[in-house]
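Novice: Place chain B on chain A using the hints.
So the protein lines, in turn, are chains A and B. Its first residue numbered 8, the first sequence is counted upward by one per residue in the working numbering. Its first residue numbered 8, the second sequence is counted upward by one per residue in the working numbering.
The set of hints was computed from the structure by calculation and includes no laboratory data. Possibly wrong hints are sitting among the right ones.
Identical copies go unnamed one by one, so any copy, or any two together, can satisfy a pair.
[Claimed, not checked] Simulated crosslink set (DSBU-like; lysine-lysine; CA at most 30 Å straight-line):
1) Lys-156 with Lys-101
2) Lys-130 with Lys-101
3) Lys-136 with Lys-156
4) Lys-136 with Lys-115
5) Lys-130 with Lys-157
6) Lys-130 with Lys-158
7) Lys-158 with Lys-79
8) Lys-101 with Lys-158
2 protein chains.
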Amino acid sequence: MKLEKRHMARAIDVAVIGVRKGNSPFGSCIVKGGRVIAAAHNTVLQKHDATNHAEMNAIRLACRKLGSHELKGCTVYSTTEPCPMCFSAIHWAKADAIVFGTGIADVKRLGFSELTISDRRMKKDGHSKLRISSGFMKQECQELLDHWKKKNGKVY
Amino acid sequence: MKLEKRHMARAIDVAVIGVRKGNSPFGSCIVKGGRVIAAAHNTVLQKHDATNHAEMNAIRLACRKLGSHELKGCTVYSTTEPCPMCFSAIHWAKADAIVFGTGIADVKRLGFSELTISDRRMKKDGHSKLRISSGFMKQECQELLDHWKKKNGKVY
Chain A
8 MKLEKRHMAR
18 AIDVAVIGVR
28 KGNSPFGSCI
38 VKGGRVIAAA
48 HNTVLQKHDA
58 TNHAEMNAIR
68 LACRKLGSHE
78 LKGCTVYSTT
88 EPCPMCFSAI
98 HWAKADAIVF
108 GTGIADVKRL
118 GFSELTISDR
128 RMKKDGHSKL
138 RISSGFMKQE
148 CQELLDHWKK
158 KNGKVY
Chain B
8 MKLEKRHMAR
18 AIDVAVIGVR
28 KGNSPFGSCI
38 VKGGRVIAAA
48 HNTVLQKHDA
58 TNHAEMNAIR
68 LACRKLGSHE
78 LKGCTVYSTT
88 EPCPMCFSAI
98 HWAKADAIVF
108 GTGIADVKRL
118 GFSELTISDR
128 RMKKDGHSKL
138 RISSGFMKQE
148 CQELLDHWKK
158 KNGKVY
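Same shape as in the complex, but just chain A (with noise of 0.2 Å):
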């Protein structure tokens, strides 16, 4: 398995660890010279905190292990295209890109429908450098969500 699509399935495994706990289908990794940093699931459910998603407990716990809050030459792999909040913290924390699968419109269709505003849009309105890869390894992104469906299915 390619290097990215290791770093893709490690979002996707950590994601799978959070749905048994009953969060949100959602997971993020961060990575820096082809090494992970950090990996994290959605806890909101599970922490009581609407601002834990992935990629934002993924962010907190890369600053904690490099010690700065700057995440430069980093690469935040996400399950699902990050939303607002996560990309605007992805682009403060300085890392250089964002690879995700699934897009906000998949989400959308199983009821996560708010704050629907796509990265490439952020992107452009915020003038933001940040290189964006979408679609990456879409299929086993969506049997994530799909997976979760079955097992829940309960948008919070």
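Specialist: Okay, now just chain B, sitting in the frame of chain A:
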């Protein structure tokens, strides 16, 4: 002093404490039923965490206090217009309203120039129901920025 003014004054006071510790000049205060349930300043530099804007810290604190990921019935006071990350977090937390003093344009002049998407634009594009009040105690919030500028004035 009117209750609303007391709330914003609290956000300013906590921001001044943050500036004293070397942080950026932003404070936030979350109110429910006329009672302050959380107040926090920006701790990005102090805690080495890109996500630690004042509003994010206040939301996390309020969620912990209420034991819930939802802040229904709450108003978020911010000394400066929340950035898209914070706007989105306030939206996700299902707070009722945002009240802020200085706007994104005011801090742009100080060098905080990235992701300049206004809250009104975020609300419109994201179809958010959050109520937004701008320019509240703007002069006092501007004095906070001036105080920081005189003391430090370094943008990270």
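Novice: Evaluate each hint against the coordinates.
Specialist: Checked hints:
For the identical chains of this complex, Lys-156 and Lys-101 are inter-copy neighbours only, at 23 Å across copies versus 34 Å inside a copy, given an alpha-carbon limit of 30 Å. In this assembly of identical chains, Lys-130 and Lys-101 lie within 30 Å of each other by CA distance both inside one copy and across copies; the values are 13 Å within and 25 Å between. Taking the shortest Cα distances, Lys-136 and Lys-156 sit within 30 Å of each other only across copies (27 Å), while inside one copy they are farther apart (34 Å). Taking the shortest alpha-carbon separations for Lys-136 and Lys-115, both the intra-copy value of 26 Å and the inter-copy value of 18 Å come in at or below 30 Å.
Taking CA atoms no more than 30 Å apart as the test, Lys-130 paired with Lys-157 passes in neither setting, with 34 Å inside one copy and 32 Å between copies. Neither within a single protomer nor between protomers do Lys-130 and Lys-158 lie at most 30 Å apart by alpha-carbon distance, with minima of 34 Å and 33 Å respectively. Only between protomers do Lys-158 and Lys-79 lie at most 30 Å apart by alpha-carbon distance; the minimum there is 28 Å, versus 37 Å within a single protomer. Taking the shortest Cα distances, Lys-101 and Lys-158 sit within 30 Å of each other only across copies (26 Å), while inside one copy they are farther apart (36 Å).
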